[in-house]
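Kindly produce the complete structure, drawing on both the sequences and the hints.
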Amino acid sequence: MSAAQAQAPAQPLEKATVGVLALSSSGPIFIAKAKGYFEKEGLDVDLKMFTSAQQVPVAVTSGDADFGVTGLTAGFYNLASKGAVTIIAAQSRDEPGFPLSGYVATKAAYEAGLTKPADLKGKRIAITTVGSTFHYMIGILGQKYGFTVKDVTMVPLQDVPKMVAAFKGGQVDAILAPSTVSRQLAADGAGTIIGWAGDETPWQLGALFTAPKTIKDRRPLVEKFIRAYKTALAEYHAAFNGKDASGALVKGPGYDELLTIIADATKQKPEIVAGGLPYVDPQARLLVDDVVNQVKFWQSEGQVDKTLDPKSVMDLSFIGQ
Amino acid sequence: MPDSLPVNPLVNGVSAQPVRFRGGGFTVKRHPWAALAAFAALLAVWEGASRLGLASPLFLPPPSAVGRALAGMVTDGSLWLNLKASLGRIAVGWVLGTLGGMLVGFAMGIFSTARAVGVPLVSAFFPIPKIALLPLFILWFGIGEPSKFATIGFGVFFPTVIATCSAIDSVPRNLIRMAQSFGLPWRSILRSIVLPGALPGILAGFRITASIALILVVAAEMIGAEYGIGAFVLMAGNLMQTDTLLAGVLVLSLMGLAIGTVLSLLERRLLNWR
Amino acid sequence: MPDSLPVNPLVNGVSAQPVRFRGGGFTVKRHPWAALAAFAALLAVWEGASRLGLASPLFLPPPSAVGRALAGMVTDGSLWLNLKASLGRIAVGWVLGTLGGMLVGFAMGIFSTARAVGVPLVSAFFPIPKIALLPLFILWFGIGEPSKFATIGFGVFFPTVIATCSAIDSVPRNLIRMAQSFGLPWRSILRSIVLPGALPGILAGFRITASIALILVVAAEMIGAEYGIGAFVLMAGNLMQTDTLLAGVLVLSLMGLAIGTVLSLLERRLLNWR
Amino acid sequence: MRLLVSDLTHRYDDLTVLDGIDLALAEGEILAVIGPSGCGKSTLLGIAGGIVAPTAGSIRVEGEVPDGCLNPITFIFQDFALLPWRTVEDNVALVLEHHPLPAAERRERIEAGLRGMGLWEFRKALPKQLSGGMRQRVGIARALAVRPAMLLLDEPLSALDAQTRELLMDDFLELWRREKTTALYVTHNLDEALRLADRVCVLSRRPGRIREMVTIEEPRERRQEPSAQAHLAAVRERLWHLMKAEAQMADREIARA
Amino acid sequence: MRLLVSDLTHRYDDLTVLDGIDLALAEGEILAVIGPSGCGKSTLLGIAGGIVAPTAGSIRVEGEVPDGCLNPITFIFQDFALLPWRTVEDNVALVLEHHPLPAAERRERIEAGLRGMGLWEFRKALPKQLSGGMRQRVGIARALAVRPAMLLLDEPLSALDAQTRELLMDDFLELWRREKTTALYVTHNLDEALRLADRVCVLSRRPGRIREMVTIEEPRERRQEPSAQAHLAAVRERLWHLMKAEAQMADREIARA
Ligand SMILES: Nc1ncnc2c1ncn2[C@@H]1O[C@H](COP(=O)(O)OP(=O)(O)OP(=O)(O)O)[C@@H](O)[C@H]1O
Ligand SMILES: Nc1ncnc2c1ncn2[C@@H]1O[C@H](COP(=O)(O)OP(=O)(O)OP(=O)(O)O)[C@@H](O)[C@H]1O
Ligand SMILES: [Mg+2]
Ligand SMILES: [Mg+2]
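Residue numbers (numbering that gives the first Met the number 0), protein chains in the order written: chain A, 0 to 320; chain B, 0 to 273; chain C, 0 to 273; chain D, 0 to 256; chain E, 0 to 256.
If you're looking for bench data, these hints aren't it; they were derived computationally from the structure.
Every residue gets a Cβ at the ideal spot worked out from N, C-alpha and C, and that includes glycine.
There may be inaccurate statements among the hints.
The list that follows gives simulated cross-link-like pairs (lysine to any residue, SDA-like), each with its CA atoms no further than 25 Å apart [what the hints assert, rightly or not]:
| # | chain 1 | residue 1 | chain 2 | residue 2 |
| --- | --- | --- | --- | --- |
| 1 | D | 179 | D | 83 |
| 2 | E | 123 | E | 82 |
| 3 | A | 81 | A | 216 |
| 4 | B | 28 | D | 83 |
| 5 | E | 243 | E | 216 |
| 6 | B | 129 | C | 82 |
| 7 | C | 28 | C | 273 |
| 8 | A | 310 | A | 270 |
| 9 | B | 83 | B | 253 |
| 10 | A | 305 | A | 148 |
| 11 | A | 229 | A | 315 |
| 12 | A | 266 | C | 71 |
| 13 | A | 266 | C | 83 |
| 14 | C | 28 | B | 109 |
| 15 | A | 229 | A | 318 |
| 16 | A | 266 | C | 264 |
| 17 | A | 242 | A | 199 |
| 18 | C | 28 | B | 110 |
| 19 | E | 243 | D | 83 |
| 20 | A | 120 | A | 109 |
| 21 | C | 83 | C | 36 |
| 22 | C | 28 | E | 128 |
| 23 | A | 268 | C | 57 |
| 24 | A | 120 | B | 110 |
| 25 | E | 123 | D | 11 |
| 26 | E | 127 | C | 264 |
| 27 | A | 266 | C | 79 |
| 28 | A | 149 | A | 112 |
| 29 | D | 123 | C | 169 |
| 30 | A | 149 | A | 306 |
Output of the computed footprint for chain B on chain D, the stretches with three or more beta carbons under 8 Å from beta carbons of chain B [as the list claims (entries may be wrong)]:
| # | stretch |
| --- | --- |
| 31 | 63-77 |
| 32 | 87-97 |
| 33 | 152-161 |
Dropping the structure here:
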């Protein structure tokens, strides 16, 4: 470590690219970049912005990005099963008290008795796509309340605007949507938030990953990247994830500065960003059991190769887990 | 001056040379095997590239893998299920868009005012991406079939308008004047002169719009479709199952091929006067 | 038998009636104000509907709101930033697709073998949905500009092939025979007869492909684009900012209008011989 | 049917092609129009038939339309104007389709027209399979199928061989004897004019004005007879002279241009 | 340039239009081809010019190509075949473009051709703005611009008025005197044939066979003189008779059909 730091200023910076979504869940990466933690490690990191979670691992597979951070989807595990990507650290996770994804019931459905997440059984729920994080969230909600995804009708609508449209048009009973959208729908009076996924079913939402080839050929690069990433994670955690005794979130050190960085990177207003900042583990530790559960869930849904060994999708040696 | 019959010294002249044939070309001959050969060659190259490891199976699964995926779809019945759902949407959407487009295209081709209004409106509305409009379609038409018909229909509508309008421009004006001079009523002129005269251009437009309809079935089935080739392809894409994805795409290609063949037959049938 | 000059009893005949004018129509007159009036009417209806609460402002914000959003984009400079990024992609993609398409279309229009191979290949490849193939495009062309050019280029390529090929079919064969009889070399025939004869059809094709290019910029910018009208529209959609979304769509419309106007001018210029 | 043209003027953009034309055609009269190429003969015909709107002047008709006449004023076009996608018989059928005719009469009219033009064998052929002369004969068959009260003929025989032309002129004369069809007959062939017309209108070079109106005194029926030849030769001489003067003046103008 | 046609046969699908044609054109000879409409005259011309491939038989040329001749065998088309998108002068320029000519000569050829046809005033006009006769004159100017060694003329004067036709025939004769251009001249006008041709080939009705080859003994230069009239009248009579026989036979066949 000391060797790396000593070398850094003298040597030209090593180039690396990371694929991210312009969402606050990628906050630590934005912070590491903005505050120069990558440079300190001797890295010149270029951010590639994507609009959908599915594309990030594809870009890592194609070699257009060295690293990726995004939510874990069935598509991700399919790429992992072909040996194209490996999880090397955690990104954000759903935790109680951190409202990321809300279950929202339409007015009509709420009045008809859909008042808590457990009631979603047998209802029509709008999600983005089959194999998405929302799909899994319904899966684990079912695991908790004793129903399967077969017991609900998932309506895949590809993206948020279509989901909202279907919701407003009364085409579905409920929607599982990001916090900003959920709050907007509630504020409009179009629906009622009946719960948050983090409160109901905490899980490992996203991860940092790279290609196995990168680990093999450029291990020092991965180590440097993770070091910078962890520095930013810790800072993020301290600023945004602290709670007081009552369990309410409190502003930590550097709150405003970091919030500005994230708002700039996501081109959103700071107050909107502040309302949906996810929880991260300061040491980038992964919820391994949940990842195993995810793989098994997708396998049971028939969307991921049955022969995939859940352990094989992770290489946690870099975070010492 | 030579005699009138071929027994002529010149016939045996040494320097006589045949008149070079300068015509020919620029006509359509049929080569029924060429296309098959081309497809076969394409498949062979593709499979070969995969076998030799030139293309990673993840990036471009070999045709054999795609074929297996397709066979799987056939045996588990999902092909037919998806195809049935999509065929209906494509047919209804295409017919609606084509009828509307031809109506508007004819109006624009015939009436100067309609054209003056229509050309800029088409220029302005055609480039609106349907993906951006899908939320509005959902609000207006729900998430059932109507919004899918609308997606395909609108996509087909604008190219049909343009193709029809420009096809009408190419109808020879002297034929129209002739018909007018015989007192043919306006409707007969449309039916007997303008429509058949514009047919070549309209059929070429069909070639474009049929393919667009097939493409748009994917966009249409973004709207909460359970079954359909488009929904199938989207799901395979989301799950990064490239062989299944290509199997779905192959089905679309085969549909395109079928429609194209029908159109070629129609052209040979209807345009034999050229 | 009457005299040769108009002083003729018949001229003053009571029953004489003017010959009814039967010609006319089927020509293009310009009505420069009609389009403006149509757009104005459209805007008025839209604003009115919003004001009266007939359309939900979340999904169809009034033109005033869209205008405000557009003004915001202008003042904060984001319009220019996004426009610049997209214009380049559209231009390069369209030019590549058009050049390729015209090349292939000409080959197919002229050589029977090329046509025999090309028609089924186009029928098979045109319907492949670009949205579904985006993951593969990333794998093949990366996430930089090439994949965006490819998305737009492929979308433009196929319609251009079809339009060009059918335009060549409509070039009168007697003109080609004439040129051959004057010994014009093959290249001159292409340049002086086939190309100008096919121009009306090709220009009509441009109208279609220009709009397709504008539509596809959204699909293209789904792939890791930071700036661009398409990326802007997508992002606005994800954040449910409908007024901003429609402002982006409006920009696409205006671009379509601009291109359409240029094409109309070109048509008036290049096709004045009709 | 009578035709009255008064003070007719026509301009294409700023090219004046007809200037102050006054004409009157009596019932059953055949008026030949001759004049240099490009002087406006086809334009005059178009105006008379109501398919070109004149810049100024009036054009009127008067008289009864005979029974069975479906299109009183009927054209035979210089450029044939056949529909390339219809067979010969369907090209003729086109002009009958919008009339409520018994099917038998419709068939009978088509067959009579095609047989008369020697095209019956080719009734199923497409225009692209016909020679130029055959195309013109289809145009004539089509015009006669509507039993016109007034024919506007634009060089109807120019694409035909001498012999067919001769036979067709006989047919026209037969038709005129029977039907008394009024006709405006544009031609560049003096022989045709002398054989068919009651009067010959000589147009000047562009802008076309009536240079002279020459009446052929000899009745049509007797023009083949030896006794008529002297008069015809004199008229021919006169027309020839007029045309020559026009052509020379045109030549001089062009040389100066 | 000499032309040798031997045992030429042509079929369109299963319609035989030419059957066993043997012809020989001497250097500088003008051969008129007459025959009933649709007998295959245009087809014969197309074969002679190498733009229609004959079903059987051979067609050869022999002799030197004169200086300045850019396209030895040149057509004048029955249907004009003008490019609608080019102006009159550019239509003529088309056939010179691919030859390496000095710019001045190119201009000079175009101007001479257009002035000769009385079209100089209209050099900037588009074909749609021309009358039928004017279009044909553009076609003639275009053909002459390449200084052909052999002309294939397909009813070149049929769209022209009598007077212009007269003037053009004078021009043709002048050209032939100067250039000794060999010509195959399809016409349906006996007067043209008698005025211009050395021999007249009479084709039978379809399938076209050579019915008779009639030589006009009187030299071209003297045909206007009174002394020549008797011979010309005799030839005319003969041609007329031959054509009539063909037409009548065709008529009979049609009646039987
Ligand atoms: N649509 C048009 N636009 C402009 N000018 C035209 C148009 N049609 C004809 N003209 C011009 O009008 C003049 C007369 O044309 P028109 O066709 O009436 O002549 P014409 O007497 O029939 O000649 P021809 O005997 O050669 O057929 C010509 O000089 C031509 O250039
Ligand atoms: N492309 C073609 N396909 C089929 N048949 C054709 C084609 N071209 C011409 N024919 C037929 O060949 C015959 C001869 O045609 P051609 O044009 O040579 O006649 P022509 O002697 O020039 O007649 P005209 O004096 O009327 O111009 C006609 O009966 C016509 O029907
Ligand atoms: Mg005319
Ligand atoms: Mg001919």
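Hint-by-hint comparison with the structure:
no. : hint          : verdict
1   : 179/D - 83/D  : violated, 32 Å
2   : 123/E - 82/E  : holds, 13 Å
3   : 81/A - 216/A  : holds, 18 Å
4   : 28/B - 83/D   : holds, 21 Å
5   : 243/E - 216/E : holds, 23 Å
6   : 129/B - 82/C  : holds, 19 Å
7   : 28/C - 273/C  : holds, 14 Å
8   : 310/A - 270/A : violated, 39 Å
9   : 83/B - 253/B  : holds, 14 Å
10  : 305/A - 148/A : holds, 19 Å
11  : 229/A - 315/A : holds, 13 Å
12  : 266/A - 71/C  : holds, 14 Å
13  : 266/A - 83/C  : holds, 19 Å
14  : 28/C - 109/B  : holds, 11 Å
15  : 229/A - 318/A : holds, 9 Å
16  : 266/A - 264/C : violated, 40 Å
17  : 242/A - 199/A : holds, 19 Å
18  : 28/C - 110/B  : holds, 9 Å
19  : 243/E - 83/D  : violated, 31 Å
20  : 120/A - 109/A : holds, 14 Å
21  : 83/C - 36/C   : violated, 30 Å
22  : 28/C - 128/E  : holds, 18 Å
23  : 268/A - 57/C  : holds, 19 Å
24  : 120/A - 110/B : violated, 58 Å
25  : 123/E - 11/D  : holds, 15 Å
26  : 127/E - 264/C : holds, 21 Å
27  : 266/A - 79/C  : holds, 16 Å
28  : 149/A - 112/A : holds, 21 Å
29  : 123/D - 169/C : holds, 24 Å
30  : 149/A - 306/A : holds, 23 Å
31  : 63-77         : holds (count 6)
32  : 87-97         : holds (count 4)
33  : 152-161       : violated (count 0)
Checked against the numbered hints listed earlier, the structure breaks hints 1, 8, 16, 19, 21, 24, 33; every other hint is satisfied.
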